[in-house]
Amino acid sequence: RNESEERFEAIFNNAEVSIWSEDFSTVVIALEDLRQKGIVDLRTYLYANIDLAWDFVAMVKVNSVNNATLKLFGAKNQAEFISKIDQTFGTNAIDVFIDEMCAIWTKQETFLSEANFQTLDGKEIKALISFQTPSSTNNFRNVPVSIVDISEHKRLEEKLKLSSRVFSDTHEGIIITDADKMIVDVNPAFSNITGYSREEVIGQNPNMLSSGRHQPEFYTKMWQKITEQGYWQGEVWNRRKSGEVYVELLTTSSLKDAEDRIVNYLGMFTDITHSKRQQESMRRMAHYDALTGLPNRTLLLDRFNQAIAHSKRSGTLLAVCFLDLDDFKPVNDLFGHDIGDKLLIEVAHRLELALRTEDTVSRLGGDEFSMLLGDIKSTSQCYEILDRIIHSVSASYFIDERYINISASIGVSLSPLDGVELDTLLRQADQAMYQAKQEGKKNYQFFDLEQAQEVTLRHVKSQEIQQALINNELCLYYQPKVDMASGRIIGVEALIRWQHPDKGLIPPMAFLPLIEGTEIEIQVGDWVIDQAMVQLERLNNQGINLEMSVNVSSMQFLNKGFFDSLNEALNRHHNIDSRNFKLEVLESSTLGNVERISHIIRACRNDLGVRIALDDFGTGYSSLSHLCQLPADTIKIDQSFVRDVLIDQNDFSIIDGVIGLTKSFNRHVIAEGVETTEHGLMLLLMGCHYAQGYAISKPMQASKLADWIKEYKPNQAWIESSQEEMTLQVRRVKQLELILKHWLKNIENLMQENSKGQTDIGNMDCHFDKWVRRLREDKLFDGSWINELEQTYNVMHTVARDIIRSYQAGTCTSKRDELSKLHIEFDKILSMLGKYKQPRDMSSLAGVTYLHRPLSR
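For the sequence shown, my numbering assigns the number 869 to the last residue and increments by one with no breaks.
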């Protein structure tokens, strides 16, 4: 997942108010149809055709809701809420919906309306619905809609109409004026929100709070409605005493005496600044890249549609460019992710400066950027712009006291010469960019139809693979999965290989990409499923009962014949228990097909009994959304996160978050890529018991599997760790101890590898400052102890840095003596950590939460 979507999800789910993500796209199309038919007064038309209005209601789809929604309506989870959403409609549901349609019809910038709702347990609530009407039809698929519960607000409003002097302990500000609109009273909440005391505002006009953001016409219309209807409700930007501008939800009513004369005006308001900021952040995250601030792919599509329309009108060309930095990965690996991110930010800035005002640059992800160059009148004009971009990006960078040199390769496709669809043009530009890499990098290439020859070559290769399938050259290797806590083998994963008669054993990534999107891919996938079931039968016949899992490609899984093919395979191998057969679907393959894949998963689980796992979890763009929507049994944490969990605090946080989410959603979790005992210990401390990787076993041939299972000896360090009773304090200390030991081991290995002058000292940083920050946030440890621990680490890190520099400079006389100095400092840290690992009097631990108890025997 990219940074913007992670931040978008955090804002969405942690918002204090109820927010629904709704899809109005079908309604927008239907409304346009009505407009084409000559309908002018939409409101009158819908009330005259109320059944049609309800049909429009059914067109609106709720994509997802946040946690505040589930709490407000009493739903256990998103699935329950969405399935029972009709139960939440109140008495004025159709009226509110028609108002929404009219707002979209008239392109009203902001929609705001009161509505009646019912919670799932039948409780009636009143709420304020609001959303920003998208300016482009492309953005109606994901519209954030705020649902603010104003039930209490409305009850208090009715109460205050009976008596202008009744105040309660409400958090809403209340202001009362006389008939001349001079303030006669305010409540404490008014002072809390505005900063003005009661004494400062009595006798003043409420316009003292005016922020200047509204035009005079705004207030004229507001008071006109109060005069005609007796009340007004809406959003008002005001200014606090401190000068800070804030937005409030204001309801103003006129209060009359027995002779129907206005004697007072009553205003009730709530500070909704925080909610507004969250909505704005969500809108920005939906359209801009979080790291660079550049438009993302969603906004790029909108800009492309505008640019292509201009190109057609003006008769000019539109250049779609795909830019990839040359050798960015080595730079990222050498200097670290922080410097890599700063480099990407600087590249983005240079690209913006190099382009014209009418052009667009977007970050697609990683070190890949796309650009739209509009109004191109000649290829020479395009050459000038591209030369400027190559020159700008290739100039040296000075980041964190070091110079970094990098270049870029660019591929270009031209519309309308090469097509008019963004995906097609980007794909062609990507192919041209690859050609630029082949030509030596730091250049640009235009898409050439002659590159179709490569497609022909790929076809030839795919035919070789199909022949390999016919000749029985394909085979399956099996990699075990275990429960680290108990030592029990829980299953194996079937992994395809190609036993080539001339080239030997070929790994899957060397040939599977050649058949992606072809019929051969489905044939190979069906063969894998059948062979895995054959092996599962053999194991069962030997008295070995465990789970068999296979990888299923997106194309195979979405193929209309997949369910029937899987059912037939299960019927052929009727002796196996379908509950012991698991399909692993790549999370990234679900993009754009969540609803369909969810349907297939349910059919496979409910009708056939097979299990489903989401593979490489965390690498997709919408992992949380997938966890909510896809009824998978198991989540597999991608090995890219597991591999660096001992050195990268970001990967640690991702894994920690995934484990927490799986527990919340009652899913199993397994980590792949567990290569050492230390990785397994860390995962156990984090709450993940299931693992797969080289620390357990490499993939093996079917002939060796049964013997391996019988001879397998569980990792005792894992079992002993799982049996320890730990508080959260002890867990944190043990995690930090693992990280520091791994750091020390890396330094020792460096000293043994004779790699003088080849390693940057920055790579020896274990990001201890981030781990210390986490300890402080936990608030489980004494602050002075954390400060002392940090100081002790800094001393140790200085010693390590001096040792490595001495070794690289060739002035180190004795590696053993130097490492002994480092071990002395390291032992000091271990001694400090030991303070929280020592057994304590159990009576002193009353009320302590044990997050890790030993397994029952």
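Hints are computed from structural coordinates only; laboratory data are not their basis.
Be aware that a few hints might be false.
Taking lysine-lysine pairs in the DSS-like style, the calculated list, with each CA pair at most 27 Å apart, reads [claimed, not checked]: (1) Lys-847 with Lys-833; (2) Lys-354 with Lys-473; (3) Lys-166 with Lys-49; (4) Lys-324 with Lys-288; (5) Lys-515 with Lys-473; (6) Lys-288 with Lys-341; (7) Lys-827 with Lys-757.
Label-pair ranges, simulated between beta-carbon atoms [unchecked claim]: (8) Arg-785 with Tyr-231: 28 to 38 Å; (9) Ser-147 with Asp-345: 38 to 48 Å; (10) Ala-321 with Gly-102: 26 to 36 Å; (11) Lys-722 with Pro-519: 46 to 56 Å.
We put the CB at the ideal spot given by N, CA and C, even for glycine.
Structure-based check of each hint:
Between the alpha carbons of Lys-847 and Lys-833 the distance comes to roughly 23 Å, so the proposed pair stays at or under 27 Å and holds. Proposed proximity of Lys-354 and Lys-473 is contradicted: the alpha carbons are some 41 Å apart, above 27 Å. Using a Cα cut-off of 27 Å, the hinted pair Lys-166 and Lys-49 is violated, with the two alpha carbons roughly 41 Å apart. Taking the CA atoms of Lys-324 and Lys-288, the gap is near 38 Å; set against the 27 Å cutoff, the hint is violated.
With a C-alpha separation of about 14 Å, the suggested pair Lys-515 and Lys-473 falls inside the 27 Å cut-off, and the hint holds. Between the alpha carbons of Lys-288 and Lys-341 the distance comes to roughly 39 Å, so the proposed pair goes past 27 Å and is violated. For the suggested pair Lys-827 and Lys-757, the alpha carbons sit about 14 Å apart, so the restraint of at most 27 Å is met. The hinted range of 28 to 38 Å is not satisfied by Arg-785 and Tyr-231, whose Cβ atoms lie roughly 48 Å apart.
Checking the proposed 38 to 48 Å range against Ser-147 and Asp-345 shows it holds: the Cβ atoms sit about 42 Å from each other. Separated by about 42 Å at the C-beta atoms, Ala-321 and Gly-102 break the suggested range of 26 to 36 Å. Separated by about 28 Å at the C-beta atoms, Lys-722 and Pro-519 break the suggested range of 46 to 56 Å.
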